[in-house]
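Asks: The chain contents come next:
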Amino acid sequence: MTGSSPSDRSAAHRLVGTKARRIEDPSLLQGKGRFLDDISVPGELHSAFVRSPHAHAMIKSIDVGPAREIPGVVAVFDGAAMRNELAMPRMPLGFPSTTLPTNITPWVLSDREVCFVGEAVAMIVADSRYVAEDAAALVAVDYEPLDVVADCKEAMQSGAPLASTATKTNVVENFTLAYGDVAAEFARSQHVYRENLFVHRGVAHPIEGRGVLARIDEGSGELTVWSSTQMSHELRHMLGNTLGMDVNRIRVIAPDVGGGFGAKFVVYPEEIAVAAAARSLRRPVKWVEDRIEHFTSAIQDRDQDWDVEIATDEAGKINAIRGRLVHDQGAYTPQGTNLPYNAASSVTGPYIVPAYQMEVFVCQTNKPAVIPVRGAGYPQSAFVMERLMDRVARELGIDRVELRNRNLIPKEKMPYDKRLKNRAGVSSIIDSGDYLACSNAALAAIDYAGFVARQQQARADGRYLGLGFAHAVKPTGRGPFESALVRVTPAGRISVFTGALAMGQGLATALAQVCAEQLGVAIEDVDVTAGDTRFVSFGMGGFASRQAILAGSAVQIAARDVQAKALKAAESMLEVPEHDLSLRNGRVEVVGAPGSGVTLAEIALKLKGAPGYALPRGLTPGLEATAMYQYDAQAFANATHACEVEVDIGTGDTRILRYVAVHDSGRLINPMIAEGQVHGGIVHGIGNALFEKMRYDEIAQPLTTTFADYLLPTAPEIPDMQVIFFETPSPTNPIGVKGIGETGTIPAIACIASAVENALEPFGIRITETPITPIAILERLERGSA
Amino acid sequence: MKPPPFEYHAPFTVVEALRILETHSNARVLAGGQSLMPMLNMRIASPDHLVDINRIAGLTGIREEGAWVTIGSMTRQREIEFSPLVRARLPLLAEAITWVGHRQTRNRGTVGGSLCHLDPSAEQPTVAMALDAVVEIAGPRGQREMSMRDFAVDVMTSALAPTEILTAVRMNAWSARHGWAFLEFARRHGDFAIVSVAVLVELDGQQRISRLSLTLGGVCRTPFRLRASEQALTGMQGDGIDLAPARRECDGLDAMSDPQVPAWYRRRVAFTLLTRAIPVAIERARRGRNPR
Amino acid sequence: MSTESAREITLTVNGTRCTRTVPVRKLLADFLREDLRLTGTHLGCEHGVCGACTVIVDGVSARSCLMLAVQADGSCVETVEGLAATDEGKTTLHPLQQAFWDRHGLQCGFCTPGILMSLQELLRNSPSPSEEDVRLTLSGHLCRCTGYQNIVAATMDAAATLRGDRG
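These protein sequence lines are chains A, B and C, in that order. Counting in the working numbering, the first sequence runs from 1 upward without gaps. Counting in the working numbering, the second sequence runs from 787 upward without gaps. Counting in the working numbering, the third sequence runs from 1079 upward without gaps.
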């Protein structure tokens, strides 16, 4: 399928695979970006939400009277008033399911029960956010506190209070993923090891929070919604449902989005409420989240407790893995249980595991809802698998790398059936990848061979160095499709419209590269509009490391169709056979006569049509083409990370000294952008490994609600990161790419854990929990010496 | 997160500022804003009156008067950071100030603001305690002054009355041959210290400790002088000094405990940092040179 | 008791003098964004940690979410919109902006304006910073996208350009 790659075509016009500078940048660098809050429409109002201070309570009464009196307040909606504006008071479930119970999705505004601190119960609409906050403070809600479930394991115990009285049990879903004969494999294995592992990811924290602006056009009654979202078409669909409006009368526009990381990959109650208010008041209404709101009401990717066993033979070859995952889902399930499913189905990673069984309990707690943050469950499963591998290596006295090599899926076995289906029921078949080569490259780059000597020397000096190592595999290219419309305008601009959506990953540039190469134009000739529902009727959006594959392929196919049409049109216009024509520098020229022929603009003008004049024979109007690239396969990207750390045993602090990341994401559209994705992913992983903990107390009160308490890594904490790319093309899509957005994060946590454990080997300390804090390390050191 | 409503005053003199504070209850003084503005934005503080003292002349500047260095309360941390006088006479402060927040916060943050705010983890109160600083206060009944020891009452609580303004802090410079060290443990550069230590030392002709100041920040509710250790270690040989008395005093401290950082950790790390900082200070005293 | 809740302020922003009446509690960041329509300065946290709102006030970097607009009366403020030079309709990017573009020093771009202003201050005061100096300056900024490495590289390039070490 890579035979039809773009580079085979036009005359030496290679753009895909080059480190093209981004077309997004000049505007962003000059402060001319248009993020949600940069957009103003005349007459817009501003809103603030009244949020529950209790993790679980019934609303006995709510008095919005005093709030209404404040000058500048235009309206106050409580749950009951908002209900009147909606076709349904609860959000619909994001991903289709026949197995999940009802009453698990969030309310748009709750009017009876609140289930987490931060849940919205009223909405103020006013002249300014300042005034809206003044009014919000005056809304008097009489709550009756209920028992709180603050921990997912406790939530599972019989007799635990219900996180939500609307559900019958705290266990939203209980399922088991399995293949092979796990019982037999464990029975016959001489070496069985058990680990209890705890992984916490935290909050997504794009530096731009959520925001939405909604306006009803007075004349047409159409609703336009700008939202800092990762899924414009899905938002439009949800708005149609919840507002009882025809989706054709709704337009959703994603502006410049200042990061997503999963936090914007779900439709929120606030988005619906703002649109409903705008419609009700017949005034534009805007809501811009503040950081405390992001801490308390945006989705999180929180706690997972894993109780797992691995069975091997004496050479460390894996026979089976089994265990139980308890996953903290939070108070509501807005989307589905994709995150724990991903985690449980991906533990085996790049290894051959003959038998596998994982029972999963998805449990409600009185905390914000959980959906995937960058990595989507794969960082957790990589942590589990890689901790198990380090454990086996230590127990059997086998070198950590050698042990892994014995179990890695060799490239000769590709495509390799992992024998578990993904959550859409598609078999997980690894399309391609050379894990051993990536491993060897990482080892060479980190100087694995010389490390032991360095480590010994350091120990003699009273310093504790450690080297960590981890593999990860991620299926990328979440389907079922992505859209692209490629249009040449009579003015000669190439417009690309797509339902894909950018949150900083350089999507516009990547798609412009693909399109420009196919059409033989410069990248600067291409304008990319992403995430605007007006231009393409269907789209999926930005998540799951999918857009290079899906949007890239869609654009490539559409551009190829435009190219074909241009050649055919030119044949008619020039009366020269197609095989004597070529597309170069924006012209269809006669081969061997540069500067001859017609420009794309002229062809576009011709195909626009003029009344009474026939179009060139056999051609349809418009120099444009739409592609809905459907993709049900998965392209498996892989990575191997290695890092060197130093642990200060006087404080328990860990510093990362060096970091090496070897990545294979297939063919790279833009290696500079790809490397940037890996940098960002690694640093997110460093955050999860060492710094980020969203803390709650025993009644689920959030304790870390500012950036002073919740620590994101800053530049001095980050070592030099060396990124090495392998490009094993994926046979699953026409451009041979694989996703990369999340793969930097996925092995990072496991890699750092491995390094810290290696540094503390003289003390026999094992790392089974994240984040790894100095206090936890010092505590273990103290306990060991006591 | 927007501030709640307040009346805003920007007096040009201390007298005017005091009059406003006297007249209005629930008034807060706005200095550098790096501590108060977040509180206003989060609506943790809701003063009816905000008294912005940034326009008052005469509250900034660093000057030397004999053995004392006096720093105006509105002196920006940035000025302290780049002051040759501070570097020469108060090298402990010069070293500590680079740990305070970030360039962007030091540009506006003031020494007075930090001293009045008295966050237990803040570096400037810790240094002021180490140097036996004296704070100068203007109030309705005129000027008064207090030792740092009396000024630092409790967590985030100074002895300043609501009708008073801190006008200056003065610190006694140690001899030209003194050694110093400021060490801090924080998770990230610029964070408030989890634990910090400030050491000042002078050696006699036989390299024995003749004068010693040991201060812990971030451990107790206010910066804490380890006076028992100071006494026990004075007279000891600087070379290969046995820090057991400091260990005992640290182990016995009534240290702060919260869900994130327990008391035992603070005590343990305090001693660890002392074992690292004291040799540095002694070495500097032995070299007997002022920096740069 | 004074009932004043708004004040007239006059300040220079990116070289242009302006006079406005503002509510006394309005943050400088909101004033720049709303009253002057300079939306390049962004708000990421409103408690002084993320640095997205950083501007230069009277020659030094400052978090505009931690200043009231009224405090900028009489001051000289520089924002990201003033970095590039415009001459007879042609815009020339500042070397920092050019370097960020060349080195992929931004992804979503939301934190970038604040970072550019801090780096502008750094390079004015330290024409030959070390990488460590750059990282220390960046410690007052949060970026969730880039991992900071390309920002450091871009800054070193820009410093060389400004020194005349390279074209």
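Each hint should be verified, as a subset may be incorrect.
[Unchecked claim] EDC-like, lysine to aspartate or glutamate: derived pairs with alpha carbons at most 16 angstroms apart:
hint: 1; chain 1: A; residue 1: K60; chain 2: A; residue 2: D127
hint: 2; chain 1: A; residue 1: K19; chain 2: C; residue 2: D1180
hint: 3; chain 1: A; residue 1: K32; chain 2: C; residue 2: D1211
hint: 4; chain 1: A; residue 1: K32; chain 2: C; residue 2: E1159
hint: 5; chain 1: A; residue 1: K153; chain 2: A; residue 2: E173
hint: 6; chain 1: A; residue 1: K153; chain 2: A; residue 2: E698
hint: 7; chain 1: A; residue 1: K411; chain 2: A; residue 2: D447
hint: 8; chain 1: A; residue 1: K565; chain 2: A; residue 2: E624
hint: 9; chain 1: A; residue 1: K168; chain 2: A; residue 2: D181
The hints are simulated quantities; they were obtained by calculation from the structure and are not laboratory data. Quantities reported herein were computed from a predicted structural model and do not represent experimental measurements.
Asks: If a hint holds in the structure, say so; if it does not, say that too.
Replies: Hints versus structure:
At most 16 angstroms may separate the alpha-carbon atoms for a hinted pair to count; K60/A and D127/A exceed this at roughly 29 angstroms. Between K19/A and D1180/C the CA atoms are separated by roughly 10 angstroms; this keeps the pair inside 16 angstroms, and the hint holds. In summary, the hint linking K32/A to D1211/C is not supported, as the alpha carbons are separated by about 28 angstroms, beyond the 16 angstroms threshold. Distance hint between K32/A and E1159/C is fulfilled; the C-alpha atoms sit about 8 angstroms from each other, no more than 16 angstroms.
The hinted pair formed by K153/A and E173/A meets the criterion: a straight-line CA distance of about 14 angstroms does not exceed 16 angstroms. This hinted pair checks out: K153/A and E698/A have alpha carbons roughly 13 angstroms apart, not beyond 16 angstroms. With a C-alpha separation of about 24 angstroms, the suggested pair K411/A and D447/A falls outside the 16 angstroms cut-off, and the hint is violated. Under the criterion of a C-alpha separation no larger than 16 angstroms, the hint pairing K565/A with E624/A is consistent with the structure, at around 8 angstroms.
Restraint check for K168/A and D181/A: not satisfied, since their Cα atoms lie roughly 34 angstroms apart, outside the 16 angstroms limit.
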